[in-house]
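> Line order of the protein sequences matches chains A and B.
Quick note on numbering: this note's numbering labels position 191 of the first sequence as 191, and the sequence is numbered without any gaps.
Quick note on numbering: this note's numbering labels position 12 of the second sequence as 12, and the sequence is numbered without any gaps.
It should be emphasised that the hints constitute simulated quantities derived from the structure, not laboratory data.
Please read all numbers here as calculations on a predicted model, not as lab measurements.
Among the clues, some could well be false.
[What the hints assert, rightly or not] Below 30 Å or equal to it, Euclidean Cα-Cα: the simulated DSSO-like pairs (lysine-lysine) are:
#: 1; chain 1: B; residue 1: Lys269; chain 2: B; residue 2: Lys58
#: 2; chain 1: B; residue 1: Lys237; chain 2: A; residue 2: Lys76
#: 3; chain 1: B; residue 1: Lys166; chain 2: B; residue 2: Lys286
#: 4; chain 1: B; residue 1: Lys166; chain 2: A; residue 2: Lys76
#: 5; chain 1: B; residue 1: Lys159; chain 2: A; residue 2: Lys76
#: 6; chain 1: B; residue 1: Lys269; chain 2: B; residue 2: Lys237
#: 7; chain 1: B; residue 1: Lys286; chain 2: B; residue 2: Lys269
#: 8; chain 1: B; residue 1: Lys174; chain 2: A; residue 2: Lys76
#: 9; chain 1: B; residue 1: Lys237; chain 2: B; residue 2: Lys58
#: 10; chain 1: B; residue 1: Lys140; chain 2: B; residue 2: Lys110
#: 11; chain 1: B; residue 1: Lys269; chain 2: B; residue 2: Lys140
#: 12; chain 1: B; residue 1: Lys79; chain 2: B; residue 2: Lys237
[What the hints assert, rightly or not] Not close to chain A: a few residues of chain B, all C-beta gaps over 12 Å, as computed:
#: 13; residue: Phe44
#: 14; residue: Gly124
#: 15; residue: Ser167
#: 16; residue: Ser182
#: 17; residue: Glu199
#: 18; residue: Leu211
#: 19; residue: Arg214
#: 20; residue: Leu236
#: 21; residue: Asp281
#: 22; residue: Ala291
#: 23; residue: Arg299
Cβ coordinates follow ideal geometry from the N, Cα and C atoms, glycine included.
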Amino acid sequence: MSVVLDNLDQYLLGMRDTVVLTVLSFALAFLVGVVVAGFRVSPVVPLRAVGAFYVNTVRNTPLVLLLFLFYFGFPKVGLNFAAFTWAIVVLTLYTGAFVAETVRAGINSVSRGQGEAARAVGLSFPQTLGVVVLPQAVRTVIQPLGSIFIALIRNSALVTVISVANLSKTADHISTETAIFVPVYLGVAVAYLLLTVPSGFAVGVLERRFAIKR
Amino acid sequence: MKRQRWLFPIVLLTVALMGAACGKDDSPAVGGDTTATTTAKPSFAADTTMAKLQAKGKIVVGTKFDQPGLGQKNPLTNKVEGFDPEIAKIIAAGIFGGTPASAADKIEFKETTSPNRELFIENGTVDIVVATYTINDARKQRIDFAGPYYVAHQDIMVKADDNSIKSVADLAGKRVCSVRNSTPAGRIRTMVPDADLQEFDTYTLCKEELLNGRTDAVTTDDAILLGFASENPTALKVVGNQFSTEPYGIGLSRGDDAFRTFVNDLLEKSYGDGQWKAAFDATLGKSGVQAPTPPPVDRYTSAGPATTTTAATGDTTTTEAATTTTTAPATTSTTG
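Just chain A, with the same shape it has in the complex (with noise of 0.2 Å):
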C-alpha cells in the first residue's frame, strides 16, 4: 500500500475537490428540491405539472447522460460554460429531483389540521408552506436527506467523464504514471469511506437534534 502512501497528497487534494464539488451542489439541490416540493404540493395546476414533470425526466435520467448531454449538448446552442460549472448544474439539477420527492414525502407527513389552521388564520399558501409545513416536513426527512447527500458524494465520481478533477481522477491520474491498479483503487474506496461514514454520523447527530418528538 505504500504507493496510497507515497500520493498522499493527491488523494487529499482529490478528496478536497470531491468535498468541494458534493457540497456546492447539495447546498443548491436542497434549494431547488424544496423549491420543486412546493410546486408539486401547490394548487396551482401548471406549476405542478411543471415540477412532475422536471422529476420524471430528471430522476429517471442515468447521470452519467446528463453530464455528457449538458456539457456537449449545450454549446451548440451558444452555452459554453468551464466543465466545472456543468458539473455543478447536473449534480444540483439530478439531486435537486430526489431532494424534492423527498421534501414532497416529508410535506404529506405533516398533519393535514398544521396547514388548514394556518390558512384559517389568514396565511397565504406560501406562508402556509414556508413558515408551518416546510420546517416540520424537513425534519422528518433529514435521515433520508442524509441517505441523498452520501449519495451524492459517490455520483460525484461520474464527473470525470467530462473531465473535471475529484477523487477518482486522481486515482486514474496515480494508476497510470505508476501502473498499479488494485492497491490505488482500494486507497481510493477507502477516502471515500473516509467522507461518507462521517457523513452518516453526521447526519445521525442532526436528526437527534432537530427531528420532531412525537
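Fit chain B to the known structure of chain A by using the hints.
Relative to the frame of chain A, chain B by itself:
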C-alpha cells in the same frame, strides 16, 4: 393507479422483447480488397492458444470503434473498418487458414477504449487487442505485446485557423485534450506541466471539444489525428511536430510466448508477401500517405505468466514487484 396494474407486465414484456431483438452484435466484418494467396487450414500442437482458438472457431479482437482510418465502426454497414482490423484479419487468416478477407468472419470485434485494454486481456474478455496500442514497459507488466506492426508519433491537432501552436512547447498554458489513462495524456503531464490537460474517454469527444472551442489542441498519435483531420480538412489541421515514437503492438496474455512468437512470425510474413502493405493502402493510405517501411518486430523476453489466476490479486503482486525494478515510468514509451 390501481386500474393501470396491467401496464406493468406489458412494459416488462416489451422491454424483454426489445432486448432479445437487439441482441448481441456479432455480425462479421469483411475486409477491404486485401489480396493474398489462399492457405489451407493450419494445424497446431494441442494446448497452444492457436489450437484453442481454432477449436473455438472464432477469435475475439479488441479494437477501437471511433478512429477513422485505424479502427472505426461504420454506422451504415455495422462493420469495423481500418488498419487495425486489417491486421487482425491477417492474424485470423494465420490461425484459421484462408485469406485475410475470408478469415474476417472468424473475428468478433469488441470495442476497447484506451483505459480498459489491459483489463480486457487479463480478464479474457478479448483474445488479442489490436487498437493503436503503444508498447511500453508499464503495460508489459500486465500483458505482452507482439509486433510492433506500425510506428506512430505523438502530434498535435488544432483548428485550421490557429497558428499559435506549432510545437509541444507552445502548449504551455493552453487547454489540451487527450484520452484518460493514455500514454499521450501522461506524456503531456510530464512534458508540459503548465498545460491545462482535459481528459475524456474517446478522441471523438476531444475533437468535439476542439470544434466547440473549449480546448485549444488535441494530442495523440499522428495516425489518429490524420484520420480526424482528413474527415474535416477545412476545420482541423495536424501541426506536424512529432515529439514521440509510438510502436503499436498487438496485446495478448502475459507469458503466452508460443502465441506471441506465432503472431510475430505472421507479421513478418505479411511484411514480405505484401499483405501488410495492402492493409495499409486500403485504410490509412487512402489519405494519400505512402505506405512506410514496416518496423521490425521486437521479440523481447516476457516477464513470465501472471502469477495467480485471479486478476485482482495477480495484478497487485506482479505490478508492485515489477515497479520496484522498472525505472521507466508509464509515461515514457519504449522505442521498437
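> Now tell me, hint by hint, if it's right for this structure.
Right, here's what the structure says about each hint:
The hinted pair formed by B:Lys269 and B:Lys58 meets the criterion: a straight-line CA distance of about 22 Å does not exceed 30 Å. For a cut-off of 30 Å, the pair hint linking B:Lys237 to A:Lys76 stands: about 22 Å separates their Cα positions. A C-alpha spacing of about 26 Å is found between B:Lys166 and B:Lys286, which places the hinted pair at or below 30 Å, so the restraint holds. Straight-line distance between C-alpha atoms of B:Lys166 and A:Lys76 comes to about 28 Å, which keeps the hinted pair within the 30 Å bound.
Distance restraint check for B:Lys159 and A:Lys76: the Cα-Cα separation of roughly 17 Å lies within the 30 Å cut-off, and the hinted pair is therefore satisfied. As the CA atoms of B:Lys269 and B:Lys237 are separated by approximately 35 Å, the hinted pair breaks the 30 Å bound. At roughly 23 Å between alpha-carbon atoms, B:Lys286 and B:Lys269 fall within 30 Å of each other, so this suggested pair holds. At roughly 22 Å between alpha-carbon atoms, B:Lys174 and A:Lys76 fall within 30 Å of each other, so this suggested pair holds.
For the hint linking B:Lys237 to B:Lys58, the alpha-carbon distance of about 39 Å lies beyond 30 Å, and the restraint is violated. As the CA atoms of B:Lys140 and B:Lys110 are separated by approximately 22 Å, the hinted pair is consistent with the 30 Å bound. With a C-alpha separation of about 24 Å, the suggested pairing of B:Lys269 with B:Lys140 holds against the 30 Å cut-off. Pair hint B:Lys79 plus B:Lys237 holds up; C-alpha atoms about 27 Å apart against a cutoff of 30 Å.
The beta carbon of B:Phe44 is kept farther than 12 Å from every beta carbon of chain A, the shortest such distance being approximately 33 Å. The Cβ of B:Gly124 lies farther than 12 Å from every Cβ of chain A, with a closest approach of about 17 Å, so its non-interface assignment holds. Consistency note on B:Ser167: stated as away from chain A, and its beta-carbon is indeed over 12 Å from all of that chain's, at 24 Å minimum. At the 12 Å boundary, the C-beta of B:Ser182 falls inside the reach of chain A, the nearest C-beta of that chain being 8 Å off.
The Cβ of B:Glu199 sits about 5 Å from the closest Cβ of chain A, inside the 12 Å cut-off, so the non-interface label is violated. Distance to chain A contradicts B:Leu211 as a non-interface residue, since its nearest Cβ pair spans about 9 Å, not more than 12 Å. At the 12 Å boundary, the C-beta of B:Arg214 falls inside the reach of chain A, the nearest C-beta of that chain being 7 Å off. Remark: the non-interface label on B:Leu236 is consistent with the geometry, its nearest Cβ contact in chain A lying 17 Å away (cut-off 12 Å).
Distance check for B:Asp281 against chain A: the nearest CB is about 35 Å away, which clears 12 Å, and the non-interface claim stands. The claim that B:Ala291 lies off the interface holds: its Cβ sits roughly 32 Å from the closest Cβ of chain A, which is beyond the 12 Å cut-off. Here B:Arg299 stays apart from chain A, with its beta-carbon at least about 22 Å from theirs, past the 12 Å limit.
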